[in-house]
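Chemist: In case you want the letters, here they are:
There are 2 protein chains.
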Amino acid sequence: MPQSRRRFLGLAAGVGAAATAPFLWRERALASDEPTQRRLGFALVGLGQLSEGQLAPAFRNTRYCRLAGLVSGHPDKARQWAQKYGVPEKSVYGYDTFDRIQDDPSVDVVYVVLPNSMHAEFTIRAARAGKHVLCEKPMAITVKECDEMIAACRAANRQLAIGYRLHFEPFNLEMARLAHEKTLGEVKVIEASAGFRIGDPAQWRLDKALSGGGSLVDIGIYALQAARQIAGAEPVSVTAEATVTEPAKFRGIDESVLFDLKFPNGVVASCLSTYAANVTRHFAGAERGSFELSPGLYYHGIRGHVTEANGPTREMTFPDIDQFAAEMDAFARCILDGRPTSVPGEEGRRDVRIIAAIYEAAASGRAVAL
Amino acid sequence: MPQSRRRFLGLAAGVGAAATAPFLWRERALASDEPTQRRLGFALVGLGQLSEGQLAPAFRNTRYCRLAGLVSGHPDKARQWAQKYGVPEKSVYGYDTFDRIQDDPSVDVVYVVLPNSMHAEFTIRAARAGKHVLCEKPMAITVKECDEMIAACRAANRQLAIGYRLHFEPFNLEMARLAHEKTLGEVKVIEASAGFRIGDPAQWRLDKALSGGGSLVDIGIYALQAARQIAGAEPVSVTAEATVTEPAKFRGIDESVLFDLKFPNGVVASCLSTYAANVTRHFAGAERGSFELSPGLYYHGIRGHVTEANGPTREMTFPDIDQFAAEMDAFARCILDGRPTSVPGEEGRRDVRIIAAIYEAAASGRAVAL
Chain V
1 MPQSRRRFLG
11 LAAGVGAAAT
21 APFLWRERAL
31 ASDEPTQRRL
41 GFALVGLGQL
51 SEGQLAPAFR
61 NTRYCRLAGL
71 VSGHPDKARQ
81 WAQKYGVPEK
91 SVYGYDTFDR
101 IQDDPSVDVV
111 YVVLPNSMHA
121 EFTIRAARAG
131 KHVLCEKPMA
141 ITVKECDEMI
151 AACRAANRQL
161 AIGYRLHFEP
171 FNLEMARLAH
181 EKTLGEVKVI
191 EASAGFRIGD
201 PAQWRLDKAL
211 SGGGSLVDIG
221 IYALQAARQI
231 AGAEPVSVTA
241 EATVTEPAKF
251 RGIDESVLFD
261 LKFPNGVVAS
271 CLSTYAANVT
281 RHFAGAERGS
291 FELSPGLYYH
301 GIRGHVTEAN
311 GPTREMTFPD
321 IDQFAAEMDA
331 FARCILDGRP
341 TSVPGEEGRR
351 DVRIIAAIYE
361 AAASGRAVAL
Chain X
1 MPQSRRRFLG
11 LAAGVGAAAT
21 APFLWRERAL
31 ASDEPTQRRL
41 GFALVGLGQL
51 SEGQLAPAFR
61 NTRYCRLAGL
71 VSGHPDKARQ
81 WAQKYGVPEK
91 SVYGYDTFDR
101 IQDDPSVDVV
111 YVVLPNSMHA
121 EFTIRAARAG
131 KHVLCEKPMA
141 ITVKECDEMI
151 AACRAANRQL
161 AIGYRLHFEP
171 FNLEMARLAH
181 EKTLGEVKVI
191 EASAGFRIGD
201 PAQWRLDKAL
211 SGGGSLVDIG
221 IYALQAARQI
231 AGAEPVSVTA
241 EATVTEPAKF
251 RGIDESVLFD
261 LKFPNGVVAS
271 CLSTYAANVT
281 RHFAGAERGS
291 FELSPGLYYH
301 GIRGHVTEAN
311 GPTREMTFPD
321 IDQFAAEMDA
331 FARCILDGRP
341 TSVPGEEGRR
351 DVRIIAAIYE
361 AAASGRAVAL
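Quick note, the sequences are listed as chains V and X, same order. Counting in this note's numbering, the first sequence runs without a single skipped number right up to 370 at its last residue. Counting in this note's numbering, the second sequence runs without a single skipped number right up to 370 at its last residue.
Simulated from the structure, these hints should not be mistaken for lab results. It is possible that part of the hints are untrue.
From the derived model, a few chain V residues whose C-beta atoms are all more than 12 Å from chain X [to be verified]: (1) 57; (2) 98; (3) 184; (4) 309; (5) 366.
Taking beta-carbon pairs under 10 Å as the criterion, some of the chain X residues facing chain V (in silico) [stated by the list, open to error]: (6) 245; (7) 269; (8) 271; (9) 279; (10) 365; (11) 368; (12) 370.
All C-beta atoms in this analysis are idealised placements derived from N, C-alpha and C, irrespective of residue type, glycine included.
Work the whole structure out from these sequences, hints included.
Modeler: Right, dumping it as structure tokens:
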């Protein structure tokens, strides 16, 4: 029986929505000594599974954000949401009326949660309307679109952040810390796997015109992110193999992609992206031991351990946070403080560029320099 | 502090030599109803760490084998061993006197445990002396050598087996069974990693003239084996990246190799071989769940689990056997019963051929067809 993306990412570890979960980012925020500030108004553009299951519920776990606007292609759905979440009718938009959001002072940030092919258009329109933009990953389908999005936000003097929730997740942050501080010596090899068995064959993720790619752009991007985060460097070359075992389901898009990254310091990363099976693991092999997350990218229930060579294995212990609340609060804090986001459009563009190189390597059977 | 190969493979899971460990192969053998037969005499050629730490002690866990001969380049060492293991002086040989073993009826099987570059020579000399041959992996350094070894054994009407101990190890057998019986549906993606942080820089494994390669021929071959076993098929193409981060230690050989295999049924395997860090894991992602060994190739302490999609994870429970005893008994049984070994020279040759293609892919940056 196929398993839905939401079910896998959200529930596979047996943990449901964690409204009461400890919330590291909030703790960090509270630890600072500034006075309480106003909450920034966020408008969600696209009311699909992610908005419904994760984002809308996450606002109650934020300190600096509130749900202030809704943008949908389905007016009935938008009205229902407005009622449920107390969003005033004047802040509910269709795709056609979206540009009027420039006159809506209750909305500070537009969060683009649309199919990938629509990210560029709505990011650019939001920037032109004078809003900051938080855009889901992958940032866009092409590097050219990324450039246009960055330029539009810069021209409007608005911030652009990409929805890399794991940049604010404590287990994932610990992996990067252990690597960069060389706690177990230099990291030598990295393995990163991200995949789930995709369900409904009619969903937009399997429609190349909307998704721009297969498993790699949607879930494999997490393996790419993990490898880059642990390496603390940018890859200089990539080799790849793409495959499809169910051609009726995967038309013109990849089902699985294996890609291997080489970093300038000689570190290598072996990565797997797949829509064919459930797998999520980040592993770093270092001189004096290894450290690993498995599962590494679920919304909840991430687990990790550190193994010393000739020594013990210890579990990592961190709170199971609301990653989307952390992501939104982090962006709101940057806007409120006038600081640049740590996950800007330039970071999203790096992944889009590498993904294009991975597809090129898979298609050509040749290593592609970056 | 660098960790020795023996220490990592043998003790990393905290389990010591298991003279009294349950022994699956013996149980299988006892379940058959044939009468007790004589033990075949094995001569060990090469008295290094593997012979000392694993093979010589393993004979007491066999049912069909006994240590009957010793071949060493170090006469003093050979004499000490002869005394310790009760091997008569007439069955102790040097490399120069080895061919006289043809007149030694107490030796039925020659077990070649020499550096890789010497496998072909001693296999061929053993066959010409009328002995069956068990040869450690990798079978040889080149496919041409493999062909010569196979031809020599065939001409002598003797059997040739390769020392693939994991073909007789119950957790590894279970991985293949789960895959081939499609217990969780079709396997779609495979991950296999094999590596340890190599110690003593003066050892023969780091001397290309003796080893014929780096981590790939020595430990990465286990990842290749795991991928082929789980896929139940032969790869049709390979891409690879090789890397060295410590050039003073790895001269002309690989430190790490990432290689990706594509199988004819569309299944792909993402594999890692390394001398830079400790890692050993075999993973299969299937339609309705996944199954995994970690660690997957230690001499003792292998662990595995099966995870059903939307369901529970269960630990695999199998006895922790003496893998070398199982391997030797299996070969002895084939010889006694007049049946062909399940791990013949042809199986060893397949790996040597694929390894050559992996090195070619890494050197050229191109996919290599097999």
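Chemist: Go through the hint on residue 245 of chain X and say holds or violated, using the shortest Cβ distance to chain V against 10 Å.
Modeler: At 4 Å from the nearest chain V Cβ, residue 245 of chain X passes the 10 Å test, so the hint holds.
Chemist: May I ask you to check that residue 98 of chain V keeps its beta-carbon over 12 Å from the closest beta-carbon of chain X?
Modeler: holds, 38 Å
Chemist: Is it correct that the beta-carbon of residue 57 of chain V has no partner in chain X closer than or equal to 12 Å?
Modeler: holds, 22 Å
Chemist: Would the non-interface assignment of residue 184 of chain V survive a Cβ cutoff of 12 Å against chain X?
Modeler: Given a closest Cβ separation of 9 Å, the condition is violated.
Chemist: Does the interface hint hold: is residue 271 of chain X within less than 10 Å of chain V, judged Cβ to Cβ?
Modeler: holds, 7 Å
Chemist: Does residue 370 of chain X pass the interface hint, meaning its C-beta sits closer than 10 Å to a C-beta of chain V?
Modeler: At about 13 Å, which exceeds the 10 Å cut-off, the nearest Cβ of chain V leaves the hint on residue 370 of chain X violated.
Chemist: Per the CB criterion, is residue 368 of chain X less than 10 Å away from chain V?
Modeler: holds, 9 Å
Chemist: Holds or violated: residue 269 of chain X as interface residue toward chain V, Cβ cutoff 10 Å?
Modeler: Check passed: Cβ of residue 269 of chain X comes within 8 Å of chain V, closer than 10 Å.
Chemist: Checking a non-interface call: every C-beta of chain X should be farther than 12 Å from the C-beta of residue 309 of chain V. Is that right?
Modeler: violated, 5 Å
Chemist: In terms of Cβ atoms, is chain X entirely out of 12 Å range of residue 366 of chain V?
Modeler: violated, 5 Å
Chemist: Would you check whether residue 365 of chain X satisfies its interface hint, that is, whether its CB is within less than 10 Å of any CB in chain V?
Modeler: Because about 3 Å separates residue 365 of chain X from the closest Cβ in chain V, which is inside the 10 Å limit, the hint holds.
Chemist: Tell me if residue 279 of chain X is really an interface residue toward chain V, meaning its C-beta lies closer than 10 Å to one of theirs.
Modeler: Holds, because the Cβ-Cβ distance from residue 279 of chain X to chain V comes to roughly 5 Å (cut-off 10 Å).
Hint compliance for this structure: hints 3, 4, 5, 12 are not met, and every other hint is.
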